[in-house]
Amino acid sequence: MLRRTLQVVGVRVEASKAGKVVKKLQNHLPNSPKLRNVVPDPASERMKPILLSTDVRSPEMLQPLREQLAALLRANSFSFVPHAVQIDCTEDASDRGAENKNRRGERPGLNKFKTPIGNVSFRSVDTVNVQQLHDINEKLFPVKYNNAFYEYVTDAPEGYCKLAYADDETAVGAVCCEVEKVKISGKHRYRLCILTIGVLDDYRRSKLGSLLLENVIEQARRDKLMYVYLHVQITNTAAQRFYLAHGFEVTKLLRNYYSQLNPPHCFVLRKQLAP
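In the UniProt record's numbering, the protein residues as written are 1 to 275.
A few of these clues could be false.
Unchecked claim - Straight-line Cα separation of at most 30 Å, BS3-like style, residue types lysine-lysine; simulated pairs:
{"id": "1", "residue 1": "Lys207", "residue 2": "Lys20"}
{"id": "2", "residue 1": "Lys224", "residue 2": "Lys20"}
{"id": "3", "residue 1": "Lys144", "residue 2": "Lys252"}
{"id": "4", "residue 1": "Lys224", "residue 2": "Lys139"}
{"id": "5", "residue 1": "Lys183", "residue 2": "Lys20"}
{"id": "6", "residue 1": "Lys183", "residue 2": "Lys252"}
{"id": "7", "residue 1": "Lys181", "residue 2": "Lys20"}
{"id": "8", "residue 1": "Lys271", "residue 2": "Lys183"}
{"id": "9", "residue 1": "Lys17", "residue 2": "Lys139"}
{"id": "10", "residue 1": "Lys224", "residue 2": "Lys252"}
{"id": "11", "residue 1": "Lys271", "residue 2": "Lys17"}
{"id": "12", "residue 1": "Lys181", "residue 2": "Lys224"}
{"id": "13", "residue 1": "Lys187", "residue 2": "Lys144"}
{"id": "14", "residue 1": "Lys20", "residue 2": "Lys252"}
{"id": "15", "residue 1": "Lys139", "residue 2": "Lys20"}
{"id": "16", "residue 1": "Lys252", "residue 2": "Lys271"}
In case anyone wonders, no lab produced these hints; they're calculated from the structure.
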């Protein structure tokens with residue numbers, strides 16, 4: 001087994017308050033199947049360190065946490081401590097071997113694809129290209145996404161928030177997902193929620209939407225997530241047909257889910273990935 005040590009920053013809180021603090025920090029946690037958000041404190045059973053995103057490098061600066069959130073944590077007299085965690089990298093090594101095969105041309109690459117409209121490449125959303133994601137969302141979706149959404153996607157787990165680029169470097173589509181921890185039959189498992197997925201009008205019918213969907217599902221399978229799900233407005237029959245064709249099933253109807261849309265109701269569609 002290959003292991004490596006990862007240095008992160010933890011918020012040290014009373015064990016009884018950990019759940020409430022986790023909710024406040026939900027967009028700034030590792031949210032990775034390989035990392036627990038809350039870990040034991042070797043010095044005290046009464047305390048629990050809550051691990052912050054690996055982008056938070058310093059207990060003193062706490063960047064890139066929003067200043068209001070950092071101030072709130074300091075106001076509650078929480079302490080910030082460095083924390084070392086051990087990560088199993090065996091699967092990562094296998095993935096790197098697979099990527100090396102891609103470079104040698106032994107099988108198609110995971111991040112570059114041929115489509116009826118030419119080659120497209122996928123890149124992670126980051127602070128440099130997040131404005132392109134914003135522009136795509138403004139064109140495609142009636143729902144307006146707030147700053148918290150765009151802060152999250154630049155800090156999302158690797159492989160789950162991507163932009164699609166045409167050969168001329170134009171951003172033509174995107175998919176954004178969130179890894180969520182759930183408790184099923186007394187065990188903590190992980191699932192994937194698709195937040196947004198879309199392709200600009202000129203690039204539809206190019207199978208790009210299917211490629212984006214399949215790409216994040218493949219990542220979820222590698223990370224051993226239990227299932228993937230999303231919400232679709234009840235009148236959006238085209239989207240419903242798209243997901244049903246990709247193996248999703250309608251599991252429930254949620255009334256008054258959308259505050260900005262009419263009708264506000266949606267279906268929850270789900271695709272099982274692991275037993």
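Against the structure, the hints:
1. Lys207 x Lys20: Given that 30 Å is the threshold and the Cα spacing comes to 42 Å, the pair is violated.
2. Lys224 x Lys20: holds, 27 Å
3. Lys144 x Lys252: At roughly 24 Å apart (the allowed maximum being 30 Å), Lys252 and Lys144 satisfy the hint.
4. Lys224 x Lys139: violated, 33 Å
5. Lys183 x Lys20: holds, 17 Å
6. Lys183 x Lys252: Measuring from Cα to Cα gives roughly 19 Å; hence the hint holds.
7. Lys181 x Lys20: Satisfied, since the Cα-Cα distance of roughly 15 Å is no more than 30 Å.
8. Lys271 x Lys183: Cα-Cα ~18 Å, so holds.
9. Lys17 x Lys139: violated, 41 Å
10. Lys224 x Lys252: holds, 24 Å
11. Lys271 x Lys17: violated, 34 Å
12. Lys181 x Lys224: holds, 12 Å
13. Lys187 x Lys144: violated, 35 Å
14. Lys20 x Lys252: holds, 28 Å
15. Lys139 x Lys20: Violated, at roughly 36 Å.
16. Lys252 x Lys271: Judged against 30 Å, a Cα distance of about 13 Å means the pair holds.
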